Amino acid sequence: MTAMPRVQRIAEGLIRASGRRLPDEERAERCREWSAELPAILYDESVHPDLMRSVRALSYSAGIAVTTRRLSRAARLPRRAPGSAWRDGAISARPGNLGLRATIGLASWLVIIFTTVSLLRAFPHPGGWPVVLGLGLAGAFVVFCLADIVRAPAVRYLPKWAWALICAVQIPGGGIIYLSVGRVGRSPSLPPGSAQSR
Amino acid sequence: MCSLGPVKLTRPLERVLRVLTADPAARHYGYDLMKAAKLPSGTLYPMLARLEQEGLVEAEWEAQRPDAGGRPPRKYYRLTAEGARVARLELAQAAVPDRRVAPGTARPAHGSTQ
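Going down the list, the protein sequences come from chains W and F.
Just add 584 to wherever you are in the first sequence, counting from 1, and you've got the working numbering.
Just add 1 to wherever you are in the second sequence, counting from 1, and you've got the working numbering.
Hints are supplied without guarantee of correctness; some may be wrong.
To be clear about the criterion: a stretch of chain F counts as covered by chain W if any three or more of its residues have a C-beta under 8 Å from a C-beta of chain W, and this derived list gives those stretches [to be verified]:
| no. | region |
| --- | --- |
| 1 | 23 to 32 |
| 2 | 39 to 48 |
| 3 | 74 to 87 |
Note that these hints are calculated values from the structure, not bench results.
This one's a predicted model, so the numbers in the text were calculated from it and none came from an experiment.
Note that CB positions come from ideal geometry on N, CA and C, so glycine has one too.
Chain W with its partners taken away, still in its complex shape (with noise of 0.2 Å):
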């Protein structure tokens, strides 16, 4: 039960982090709807045992998640007229900042191996549900590394059959590198709807 506020907490961070994809108007309205519908999950009777709970608030908010991409897509689709190719060089005019990115590929790759290793100490013969936990995590990154791919309109720098080898062989440093470096993020210099277009 302990666990419960903490639980709430990252799940409202989740929520926020996801509105920001939602125009300024109604942002605050949509997370306050969302944040308020957590207690009821997290403290629902009828949903044994309390790792459930906290596991469905999660994907309650991976749901938000989803919930504002669709939003904010079905918002600015209309803007664009359809058939309409986004502006020339709207990728390659983003400002690249490579050395930035590797960095921060690099440092997220350290900590992850780090704290890896250390579990591990701590830990010298994990059993049960923390491996089978481990396992679910890196085959969540890799498939959400692989439909980001997939879905991108653009990847940088190499092929995406490249990148695609690239996650699935190295895991998680090569989801990291696409992340980090092969990724093209949404951006302002990016004509609204093309970072969805498929």
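Given the coordinates of chain W, work out where chain F should sit on it, guided by the hints.
What follows is chain F alone, placed relative to chain W:
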């Protein structure tokens, strides 16, 4: 006006409509609907937003109650009169296969509600 217009009657939408039409006057908050319709939040909320845009569903904030124990006020959803009518019709048509009106035939433009 006898169709959901640009909103296509998909399986998840059908489930939400069934829950909502079970008692058209009842108010539902998001998690309540998620459980009743067995849908994930990423499916439900975009759908509610669309239905609200179409004027088939209305949302209202719960008044802050002193007995709520500090719980933040929730947003409740309910079918509009138009929504209840359209939903019942669509569900009835869905129950009879091959006799469905093609979506979008009865309502010309997106967002032209009432």
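Fill in: Whether chain W covers the region 74 to 87 of chain F (at least 3 residues having a Cβ closer than 8 Å to its Cβ atoms)
n = 3 at 8 Å, threshold three: holds.
Discussion item. Closer than 8 Å Cβ to Cβ for three or more residues is the test here. Does the region 39 to 48 of chain F pass it with chain W?
Written reply: Three-residue rule met by the region 39 to 48 of chain F, so holds; n is 7.
Worksheet item: the region 23 to 32 of chain F covered by chain W? Criterion: 3 or more residues, Cβ-Cβ distance below 8 Å.
Response: This one holds; 3 residues, not fewer than the three required, reach chain W with a Cβ under 8 Å.
Every hint from the earlier list agrees with this structure, and none is contradicted.
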